[in-house]
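*Asks:* Let the hints inform the model, and build the full structure from the sequences given.
Residue numbers (the numbering used here), protein chains in the order written: chain A, 1 to 300; chain B, 1001 to 1298.
Everything labelled a hint here was simulated from the structure, so no lab data went into it.
Worth double-checking, as some hints may not be accurate.
Claimed, not checked - Below, simulated DMTMM-like cross-link-like pairs (lysine to aspartate or glutamate); rule was C-alpha separation at most 25 Å, straight line: (1) K69/A <-> E158/A; (2) K69/A <-> E180/A; (3) K176/A <-> D50/A; (4) K176/A <-> D1188/B; (5) K69/A <-> D1289/B; (6) K69/A <-> E10/A.
As the list claims (entries may be wrong) - With the Cβ distance kept under 10 Å, some of the chain A side facing chain B (calculated, not the full set): (7) L29; (8) Q63; (9) G67; (10) S80; (11) A128; (12) P130; (13) L133.
Glycine included, each C-beta is placed from N, C-alpha and C at the ideal position.
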Amino acid sequence: MDGVSFSVAERETLGLVGESGSGKSMTCLSMIRLVPRQAARILGGSVLLDGEELLTKSEREMQRIRGRKIAMILQDPMSSLNPVFSIGMQVREPLTMYHGLRGRALRERADELLASVRIPSPAARLRAFPHQLSGGMRQRVVGAMAIAAPPRLLIADEPTTSLDLTIQAQYLALLKELQERHGLAMIFITHNLGIVSRLCDRVAVMYAGRIVEMGRVRQIFTAPAHPYTQALLESIPRLGARRDRLTAIDGQPPDLATLPAGCSFAPRCPHVMERCRAEAPPEFTAGPSQMSRCWLHAPS
Amino acid sequence: MPAEPTGGALLLSEADIPARPAPRDRKLPVIPLGIIAVFVLVAILAPLLSPADPHEQSLRNRFKPPVWEEGGSWKYALGTDRLGRDMLSRIIWGSRVSLAAGVLAVLLASAFGASVGLVAGYYGGRVDAALMRMTDATMSFPVILLALILAVTVGPSFTNVVVAISVILWARYARVIRGQVLTLMQLDFIAQARIAGAGAWRIITRHLFPNTLNTLVVLVTLQIGYVIILEASLSFLGAGIPPPTPAWGSMIAEGREFVTSAWWVSMFPGLAILLVVLAFNLLGDWLRDTFDPKLRQL
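*Replies:* Spelled out as structure tokens, the structure:
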């Protein structure tokens, strides 16, 4: 990953889109300094939370930030709860950990928390075990645990990918609601552009470990600047569009171990120029608050 | 049988589907549990149950046969040994040694082994490599040899038997638990716990350890039987519980020379070992099948 730079404000949702392996999840894990040790290391950069640098903090300080300030929801609700403890015990754990609650106050707060993620009859669910709940229910429980603090920033890493469509819509509405109630900043990782257009304020498009384009959702969808974003939008089906075939992007995403010298999208880009193969493009302004990492937008 | 008038022929009632018994509904292994319960009770109540002092010698009554043989009497229901001591009383008191050694050694070994496995699996990398090489080295060391060395250097005793056995046996636990932890570490709830700010201690004790408990219980039960045999073997070789404390292994050894004339001296302690070990093994098998059929390799 290189040259990934973005910011999220309170009550704002940033969509992070890109193909599998483009570095969306890695970006977020490195923000809370939890990149898998064997695979990656943080070499440099800066992560600021309310103006505080996170990369220089000690591991102990980071533990107090994870969950309390930055929470994250992972993709797979089937394995993101501990199978041997009841829902109640798992929902109470962050409450004891962050707020030192116990006894009656703890039980009441756990009830409230489950109710706030729209779980019907929370008191009964608290006694259930993860395997007794559906995927949608479990993901709600995970959501409840994530906002237990409540955090300043919530990172949702494809939280709806394994849910079916109606449940997806409900869950997204719930996330929006929680965001408004607690004033969360939210980063939403997905490869579903439909979700981005409905849920997000701004969007960052990632390709091969770099953000290639970033801007307001409206702009990106109506006037995509980067050829990769254009190709990405071409490849989604639209109601009423008179097209027989969907356009696919030719070629494969590059191997991250052997990135091409210039722009990493150059081998697949329809607008490729001589310069693209030689030199990686820096960030250019492509419109009002729209950034594109493409030589096409170089000021001439 | 006439067809149901309503509800449609395609609907199956609950009764039509042969129910696969849920794990919790499986019948308890009554016989093994019963045998274990009896032996545990006997061990606890040994002073009350034993008809005679297990140490009391009576040279006039050497090699008395059990009651049903010619020349036997109710005074010595299972006969007497070469010093005229009551076999039944010695077997009753011997159960204390066997069970205590078995349970203690296994508990020590599992506590240490599981900790090593948890730490190795959690930290991975060099910690894992170092701990697992230690485990491999331990596993290649014969228990009996270590016990013999201990017996020769510090003298045989109950403590030494337990120490010798657990010093070797922990490796098995370390290896199995580490393997399980490696699988668990791939699951999202561990990542989720870390994201929620849990440290190493919390993840190991609250998330990893509880998920290995099933395996641990199965392994412990299966190993108690094995350890009882080990203790008996050590006592048989004279590296275990020193005489005159009655221990099943040393009792078998004492009767060895007289098997042709006084078979009961070796036979009854042998039977006791057989029963207890078999019961623990059956219970362990049942626990394994009930908790997790995936554990078949244990």
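*Asks:* Does each hint hold? Answer for all of them.
*Replies:* How the hints compare with the structure:
1. K69/A <-> E158/A: Holds - the C-alpha atoms of E158/A and K69/A are around 20 Å apart, at most 25 Å.
2. K69/A <-> E180/A: Judged against 25 Å, a Cα distance of about 16 Å means the pair holds.
3. K176/A <-> D50/A: holds, 22 Å
4. K176/A <-> D1188/B: holds, 24 Å
5. K69/A <-> D1289/B: violated, 44 Å
6. K69/A <-> E10/A: Satisfied, since the Cα-Cα distance of roughly 12 Å is no more than 25 Å.
7. L29: holds, 9 Å
8. Q63: holds, 5 Å
9. G67: holds, 4 Å
10. S80: Holds. Min distance 4 Å.
11. A128: violated, 16 Å
12. P130: holds, 9 Å
13. L133: violated, 14 Å
The structure does not agree with the numbered hints 5, 11, 13 stated previously, though it agrees with the rest.
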